[in-house]
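**Student:** If you read the sequences in order, they're chains A and B.
So in UniProt numbering, the last one in the first sequence is 232, and the numbering has no gaps at all.
So in UniProt numbering, the last one in the second sequence is 232, and the numbering has no gaps at all.
Be careful, since some hints might not be right.
The list makes no distinction among identical chains, and a pair is therefore deemed to hold if it is satisfied within one copy or across any two copies.
Claimed, not checked - With a straight-line cut-off of 25 Å between C-alpha atoms, the simulated PhoX-like cross-links for lysine-lysine are:
| no. | residue 1 | residue 2 |
| --- | --- | --- |
| 1 | Lys115 | Lys231 |
| 2 | Lys230 | Lys174 |
| 3 | Lys231 | Lys23 |
| 4 | Lys115 | Lys174 |
| 5 | Lys231 | Lys174 |
| 6 | Lys23 | Lys176 |
| 7 | Lys23 | Lys230 |
| 8 | Lys115 | Lys230 |
| 9 | Lys91 | Lys230 |
Derived by calculation from the structure, the hints in this document are not laboratory data.
Computed from a predicted structure; not experimentally measured.
There are 2 protein chains.
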Amino acid sequence: MGVFYGIGVGSGDPELLTLKACKTLRLLDVLITPVTAEEKESLAYNIVRDLLNHNVEVLFRRFPMSEDPAIWQESAAAVAEEIRILIGNGKNVGFVTLGDPMFYSTYVYLLQELKRRGIDAQTIPGISSVTAACSKTGVSLAEKNERIAIVPAVYAHTDIQPILDAFDTVVFMKVKGDCSSLIERLERAGMKETAVFVSRLGLDNEQIVYDLDEIRGCNVNYLSLIIARKKR
Amino acid sequence: MGVFYGIGVGSGDPELLTLKACKTLRLLDVLITPVTAEEKESLAYNIVRDLLNHNVEVLFRRFPMSEDPAIWQESAAAVAEEIRILIGNGKNVGFVTLGDPMFYSTYVYLLQELKRRGIDAQTIPGISSVTAACSKTGVSLAEKNERIAIVPAVYAHTDIQPILDAFDTVVFMKVKGDCSSLIERLERAGMKETAVFVSRLGLDNEQIVYDLDEIRGCNVNYLSLIIARKKR
């Protein structure tokens with residue numbers, strides 16, 4: 001029997017890979033890397049390609065971007081079935097994910113489908129975009145007894161005032177398109193001045209914006225987040 | 001002028017260091033490592049000791065455990081002053097922190113004191129205990145549009161019901177001593193069954209407990225956390 005590894009490759013900068021991730025990549029016979037239907041290349045694969053053995057087989061597998069979990073489950077089930085056969089044939093199989101595998105990642109669907117088939121996974125954590133953004137900008141996520149909320153930006157359209165009230169740091173994930181209304185909410189909550197917008201960190205077209213007025217009305221990339229803090 | 005680096009060394013397992021952290025450690029002339037008054041050894045130093053140059057100077061500096069920020073600030077100011085002189089003498093200086101430097105770390109006080117002295121820092125993120133615990137246990141922190149709250153366990157003694165209601169995943173940090181009352185709250189909120197307790201991950205005396213009843217009434221170590229999830 002081979003072994004299955006889920007490998008977090010960090011938020012973009014290849015140097016943010018862990019030693020464990022590098023070591024594991026070299027054990028692989030087969031690497032599975034996710035691609036969306038929309039993008040032809042795999043960001044996760046681009047990060048690890050130079051670290052693989054020359055004889056590793058690379059399989060690009062589609063995980064379409066969709067709000068429907070059934071679609072993700074279907075993709076995950078097909079890949080899990082493929083992994084089952086490969087490790088049955090004694091192959092070590094890896095699956096790479098951008099950032100951390102347990103943090104807003106498709107990987108979790110794959111994990112569930114593997115579990116259903118009685119397959120153990122060894123998961124290797126990665127530096128998430130949030131962690132990397134904090135180090136890059138010098139913004140601390142939390143100190144002492146502070147509280148952190150991490151929410152997809154879509155919640156900015158609901159009543160998030162209780163969350164803004166109750167937490168010291170609020171991270172908005174999956175910021176995309178025009179985020180003017182989110183910026184207005186942060187302004188009203190007195191959290192705009194200390195907020196920072198970070199997009200595609202460690203990737204091409206990286207963007208760090210400290211004055212959120214600069215991105216009002218812009219169509220921002222989907223690999224973006226905003227970290228907002230109460231004034232200390 | 002030398003350069004100052006703040007280096008996250010991961011949650012305990014030395015293999016969770018990033019390539020960037022390893023590369024940076026080899027650039028150092030001086031390594032500053034924090035110790036508490038209570039513990040004689042530095043956990044962060046133990047992780048990196050084998051990766052340092054032979055001629056590196058290692059300075060153990062005290063950051064006493066205290067609830068009083070003034071005490072931390074005082075320690076940070078003294079270390080910042082030391083760094084100012086060292087980099088003025090052309091030395092590359094590193095400061096290591098367990099986990100991630102921006103996530104509940106003393107490092108932030110140091111960063112503030114350095115800023116006050118006009119000193120730039122290059123901060124290198126690390127795998128936090130939360131991220132590592134999720135990979136180890138197979139518990140995902142968030143999927144799709146879920147919301148995450150991260151709160152120090154001391155809040156379990158206040159009205160945390162609104163937080164338990166509003167979030168899909170709630171991580172309790174700095175769990176220590178007897179956490180029976182927190183367990184009872186999770187039970188009432190229907191989140192006990194899916195919760196996991198993780199202590200000293202990657203360090204000696206590592207402990208992972210899926211049935212929280214097992215730790216009721218125990219005096220748990222301070223490097224512990226509980227990840228609680230709503231049933232999906």
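**Student:** Each hint needs a verdict: does it hold in this structure or not?
**Tutor:** Hints and how they fare:
1. Lys115 - Lys231: between (44 Å within a copy, 17 Å between copies)
2. Lys230 - Lys174: Both: 21 Å inside a chain and 22 Å across chains, each within 25 Å.
3. Lys231 - Lys23: neither (42 Å within a copy, 35 Å between copies)
4. Lys115 - Lys174: neither (28 Å within a copy, 31 Å between copies)
5. Lys231 - Lys174: For Lys231 and Lys174, both the intra-copy (24 Å) and inter-copy (23 Å) Cα distances are at most 25 Å.
6. Lys23 - Lys176: neither (35 Å within a copy, 34 Å between copies)
7. Lys23 - Lys230: neither (40 Å within a copy, 35 Å between copies)
8. Lys115 - Lys230: between (41 Å within a copy, 19 Å between copies)
9. Lys91 - Lys230: neither (50 Å within a copy, 36 Å between copies)
Violated hints for the displayed structure, listed by number in ascending order: 3, 4, 6, 7 and 9.
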